[in-house]
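Colleague: We have chain G already, so just place chain E on it with the hints.
There are 2 protein chains.
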Amino acid sequence: MKTKYEIYPIGWIRKSNDSSVIELEEEYLEALDGAQGFSHLIVLYWFHENDRPELRKTMKVHPRKNKNNPLTGIFATHSPLRPNLIALCYCKVLQIEGNRIYIDEIDAYDGSPVIDIKAYIPIDKLAKDEIRVPGWV
Amino acid sequence: MKTKYEIYPIGWIRKSNDSSVIELEEEYLEALDGAQGFSHLIVLYWFHENDRPELRKTMKVHPRKNKNNPLTGIFATHSPLRPNLIALCYCKVLQIEGNRIYIDEIDAYDGSPVIDIKAYIPIDKLAKDEIRVPGWV
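Protein sequence lines correspond, in order, to chains G and E.
Quick note: numbering that gives the first Met the number 0 has the first sequence finishing at residue 136, numbered continuously throughout.
Quick note: numbering that gives the first Met the number 0 has the second sequence finishing at residue 136, numbered continuously throughout.
Chain G with its partners taken away, still in its complex shape (with noise of 0.2 Å):
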């Protein structure tokens, strides 16, 4: 049997006109305790409107869907369809209340499950190196 792992929501990315929002799940509110201290989080949340089987064995994309980038391996790119349907955002905090963390902006549907959330810690070692990205980025 081929090997799989379970995750869950633990919370749900709330947008209106006005604003985006990251409403934790309350069993979660205390692991959320310190994250004041950080002026921007990385949202891990999950693509759920590409959770079919056949979708998630795509291997290539035009990036951002647009016919003039090459034909790209999803890994990549961000692409919405990969085997595991994981998105990555870095969001600035406005302000946290309670269990609901306003954000700045967030690329996602309302209603998106959020499966994790991490403090964002600038890393050193991408400051120094020189970094290469592809002409179509």
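Hints are computed from structural coordinates only; laboratory data are not their basis.
If a hint is listed, it holds; no wrong ones were tucked in.
The calculated lysine to aspartate or glutamate pairs, modelled on EDC-like cross-linking and capped at a C-alpha distance of 16 Å, are:
#1 E/Lys127 to G/Asp103
#2 E/Lys124 to G/Asp106
#3 E/Lys124 to G/Asp103
#4 E/Lys56 to G/Glu26
#5 E/Lys56 to G/Glu25
#6 G/Lys56 to E/Glu26
#7 E/Lys59 to G/Glu26
#8 G/Lys91 to E/Asp123
#9 G/Lys3 to E/Glu24
Some chain E residues close to chain G (C-beta under 8 Å, calculated; not the full set):
#10 Lys3
#11 Tyr4
#12 Ile6
#13 Gly36
#14 Lys91
#15 Glu129
Per the computed footprint, the stretches of chain G lying under chain E, defined by three or more beta-carbons under 8 Å from a beta-carbon of chain E, are:
#16 0 to 6
#17 36 to 48
#18 81 to 89
#19 117 to 128
The structure presented is a predicted model; accordingly, all values stated were derived computationally and were not measured.
Glycine residues also receive a C-beta, built at the ideal position from the N, C-alpha and C atoms.
Modeller: This is chain E only, laid out in the frame that chain G set:
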């Protein structure tokens, strides 16, 4: 019933004294096309050694296992104890040979399951915004 999602290993971390390698499952080889254009990749792996229900309920830790660091909610850390055991690393790519990605280093055990690989693309707002982190960082 609790909502859950399934994830599958796409590869494995292979470490020896003199190399760190991501060994991709052959079925995903095509999804790596274009990764050569990036100097760095984001690697998500699974903290498989902590995949026990009671450990996944951990809410707070002393960051970096240092008792001098204040007890902190795990969403304000990168602790390997968390509800969904997803680890995030930024890796410098040394070489890609077939399904083997040679990287500079990765803070993971040999044999850890890799669950996603994403292009590392610098984020404008992280370069422009003032980044704030708490004292223990």
